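From first to last, the protein sequence lines are chains A and B. This note's numbering applies: residue 1 is where the first sequence begins, and numbers increase by one. This note's numbering applies: residue 1001 is where the second sequence begins, and numbers increase by one.
Be careful, since some hints might not be right.
[Stated by the list, open to error] Calculated Cβ distances over 12 Å to all of chain B for the following chain A residues: (1) 61; (2) 74; (3) 312.
[Claimed, not checked] Listed next, the in silico EDC-like pairs over lysine to aspartate or glutamate satisfying Cα-Cα at most 20 Å (straight line): (4) A:158 - A:20; (5) B:1266 - B:1361; (6) B:1007 - B:1119; (7) A:263 - B:1373; (8) B:1081 - A:319; (9) B:1332 - B:1317; (10) B:1081 - A:339; (11) B:1007 - B:1235; (12) B:1120 - B:1159; (13) B:1081 - A:317; (14) A:263 - B:1377; (15) A:81 - B:1338; (16) B:1263 - A:373; (17) B:1204 - B:1159; (18) A:7 - A:235; (19) B:1263 - A:377; (20) B:1120 - B:1134; (21) A:266 - A:298; (22) B:1332 - B:1344; (23) A:81 - B:1298; (24) B:1158 - B:1238; (25) B:1120 - B:1095; (26) A:81 - B:1317; (27) B:1204 - B:1276; (28) A:81 - B:1319; (29) B:1081 - A:338; (30) B:1158 - B:1237; (31) A:266 - A:235.
[What the hints assert, rightly or not] With the C-beta cut set under 8 Å, the calculated list includes, among others, these residues of chain A facing chain B: (32) 76; (33) 79; (34) 83; (35) 111; (36) 112; (37) 296; (38) 329; (39) 336; (40) 376.
No lab work stands behind these hints: they were computed from the structure. Since the model is a prediction, treat every value here as computed from it, not as a measurement. Note that beta-carbon positions come from the ideal geometry of N, C-alpha and C, so glycine has one too.
Number of protein chains: 2
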Amino acid sequence: MSVTAAKGFRAAGIAAGIKENGNPDLALVVNDGPRRAAAGVFTSNRVKAAPVLWSEQVLRSGQVSAVVLNSGGANACTGPKGFQDTHATAEKAAEVLGRGAIEVAVCSTGLIGVLLPMDKLLPGVETAAAQLSEHGGEKAAIAIKTTDTVHKTSVVTKDGWTVGGMAKGAGMLAPGLATMLVVLTTDAGLDSEALDRALRAATKVTFDRVDSDGCMSTNDTVLLLASGAAGVTPEYEEFAEAVRQVCADLGQQLIRDAEGASKDIKVEVINAATEDDAVEVGRSIARNNLLKCAIHGEDPNWGRVLSAIGTTRAVFEPDRLGVAINGVWVCKNGGVGEDREKVDMRYREVHIVADLAAGSETATIWTNDLTADYVHENSAYSS
Amino acid sequence: MSVTAAKGFRAAGIAAGIKENGNPDLALVVNDGPRRAAAGVFTSNRVKAAPVLWSEQVLRSGQVSAVVLNSGGANACTGPKGFQDTHATAEKAAEVLGRGAIEVAVCSTGLIGVLLPMDKLLPGVETAAAQLSEHGGEKAAIAIKTTDTVHKTSVVTKDGWTVGGMAKGAGMLAPGLATMLVVLTTDAGLDSEALDRALRAATKVTFDRVDSDGCMSTNDTVLLLASGAAGVTPEYEEFAEAVRQVCADLGQQLIRDAEGASKDIKVEVINAATEDDAVEVGRSIARNNLLKCAIHGEDPNWGRVLSAIGTTRAVFEPDRLGVAINGVWVCKNGGVGEDREKVDMRYREVHIVADLAAGSETATIWTNDLTADYVHENSAYSS
């Protein structure tokens, strides 16, 4: 169902020939209204792809009629010609759909530093427009895959209204691995300010806390489009919670499909003095290559957790730190705790709890292990 | 020659039984004077091993008579008992050597969170003391190895005086991979203030810019001991340059022996607005796992360089950035430059130049590629 679960949306996914292997590579999502309110969050990387620079401009009006997404090329670091290509893509979609180009967002993903084959992309937009359907959400989700092994969709339906979405990649907004593209749709009737507030609140605790490999993409984009077609305006809090749920679900799907991963690691930081401290510590643990290798080897190497905590500016006393791995407190008071032989690490899910003993705030970061498959995939695939 | 190249020093390296495999694991370095001036720099990790906490106290007096170093156990995250063990080690060396314990520095490296076998270590100190020799530098360098495949020593001899040293590990001070331990000795007659100044200046541009995998150790220590036995007091600048040369040489040896690496990568940032900017950008590039995988695959993937630059706070304009890989400017003005097919990446040495076009400052960071061997070594070896 994906982006077409909510009323007022049509979508399509086709093979335009951008990818040399002939796989689907172009998606189109259209908001038929009556409302066209939208919000977006983008990569915080200062080297931004042309489609990000364009879509940031589009979102300034708070109105989005359509989104064109392509895989097979990131259109990043492509100079003025790259920006012209993004603009031409929006113009083509606007022309075919009878909308204004400034209401057409564009997202791209793939190799950096290569111009898109516009002779294939522009006809592809026409083809996709001709195939737009209220049942096209699944095909759209498939067309934006790159190294994804599965397509990712999620839907939450409430009392008369729906939030649905699709995602590709395995990463986060700030920073992100490969490119993460997400389009969320709703038929609830909210204005762009409420959408923006709900989207930022949701991404802050979901996609922003997915940190597969600490690398930040030039193309990360999350869009939320509202058609108002349900004729219902929910309470803000209820709506924001539905958006958070869809984002959390898609974020988990990204982690589960991260390149080369064999373990999904939940890093939970507890008893922090501030939420920022908890996030900083969680991120430091999640990015520690030595720890990520140890988890891959099913070795509950808590010393690497402590050395990662020690690199942060968070409030803590070294001799009060605690670490639990899969429920066993292998480190207590900064030293040896329960027998590490008790830790069962056979399963894909690994849960690390870091107790800072410095307050009552908490945060959770999701990451993966570091594997030889990750190395193989990223040394062989130019992305 | 190592730490015994300079006059006034004796050293020993023995197998005390700390390592279960029977390899050498205990080194002793003694300064016979007439001077015993010393300086030290330590890990900036806030979770510090017991020997670091102890040696920081020792260095406060600016006097070091002896250094005990063990491999086979880091004595980190070992609580009050771990600190007592370090203290007992210093006391034992002081007793055997007839010095004060507060003049005995201690360094440890190995697995975090395990107490040292003091029943083997303390007798080992006695054995090592009995074997002290003016030719013991090589054996000492061998005894501090952990995952090192070779031992590392370096000597610079000037007009009547010498700076020599030994190192283990592959990493840096802030941060560091595995544990880096370095002991430098000189027979030049300098006071502890001059030693401290020269050592900090040297480590800042050498070990601090070696970043194999971005992980910071709890045990990193670099010590510089001066005996004054040469009876010569060189000009400070000449001395500082000799210290820098030895540190630079040892730093290169660490990188060349980094765990699992198949490429040594020199990341040179040029035309930065400030040196801090250059270091921040260099470090960001050096830590980018996706780029490190690409280099492993001999793929001149400059897009990953740009995405790493984009995560920093350095002064730059995205459309003025340039990247050269092994002499080919594959990225110019933030976009496609020369043909990437021209880049020859067959050799172990890889040279990446990032041109920020924002000033005239420069910095170089040395790192390695990310390989399946790194993953295997660090998922199998509890360190």
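Hints, one by one, checked against the model:
{"no.": "1", "hint": "61", "result": "holds (24 Å)"}
{"no.": "2", "hint": "74", "result": "violated (7 Å)"}
{"no.": "3", "hint": "312", "result": "violated (8 Å)"}
{"no.": "4", "hint": "A:158 - A:20", "result": "violated (41 Å)"}
{"no.": "5", "hint": "B:1266 - B:1361", "result": "holds (17 Å)"}
{"no.": "6", "hint": "B:1007 - B:1119", "result": "violated (33 Å)"}
{"no.": "7", "hint": "A:263 - B:1373", "result": "holds (19 Å)"}
{"no.": "8", "hint": "B:1081 - A:319", "result": "holds (12 Å)"}
{"no.": "9", "hint": "B:1332 - B:1317", "result": "holds (12 Å)"}
{"no.": "10", "hint": "B:1081 - A:339", "result": "holds (18 Å)"}
{"no.": "11", "hint": "B:1007 - B:1235", "result": "holds (19 Å)"}
{"no.": "12", "hint": "B:1120 - B:1159", "result": "violated (42 Å)"}
{"no.": "13", "hint": "B:1081 - A:317", "result": "holds (17 Å)"}
{"no.": "14", "hint": "A:263 - B:1377", "result": "holds (18 Å)"}
{"no.": "15", "hint": "A:81 - B:1338", "result": "holds (17 Å)"}
{"no.": "16", "hint": "B:1263 - A:373", "result": "holds (19 Å)"}
{"no.": "17", "hint": "B:1204 - B:1159", "result": "violated (26 Å)"}
{"no.": "18", "hint": "A:7 - A:235", "result": "holds (19 Å)"}
{"no.": "19", "hint": "B:1263 - A:377", "result": "holds (18 Å)"}
{"no.": "20", "hint": "B:1120 - B:1134", "result": "violated (25 Å)"}
{"no.": "21", "hint": "A:266 - A:298", "result": "holds (15 Å)"}
{"no.": "22", "hint": "B:1332 - B:1344", "result": "holds (18 Å)"}
{"no.": "23", "hint": "A:81 - B:1298", "result": "violated (28 Å)"}
{"no.": "24", "hint": "B:1158 - B:1238", "result": "holds (9 Å)"}
{"no.": "25", "hint": "B:1120 - B:1095", "result": "holds (17 Å)"}
{"no.": "26", "hint": "A:81 - B:1317", "result": "holds (17 Å)"}
{"no.": "27", "hint": "B:1204 - B:1276", "result": "holds (12 Å)"}
{"no.": "28", "hint": "A:81 - B:1319", "result": "holds (12 Å)"}
{"no.": "29", "hint": "B:1081 - A:338", "result": "holds (17 Å)"}
{"no.": "30", "hint": "B:1158 - B:1237", "result": "holds (13 Å)"}
{"no.": "31", "hint": "A:266 - A:235", "result": "violated (31 Å)"}
{"no.": "32", "hint": "76", "result": "holds (7 Å)"}
{"no.": "33", "hint": "79", "result": "holds (4 Å)"}
{"no.": "34", "hint": "83", "result": "violated (10 Å)"}
{"no.": "35", "hint": "111", "result": "holds (7 Å)"}
{"no.": "36", "hint": "112", "result": "holds (3 Å)"}
{"no.": "37", "hint": "296", "result": "holds (4 Å)"}
{"no.": "38", "hint": "329", "result": "violated (13 Å)"}
{"no.": "39", "hint": "336", "result": "holds (5 Å)"}
{"no.": "40", "hint": "376", "result": "holds (7 Å)"}
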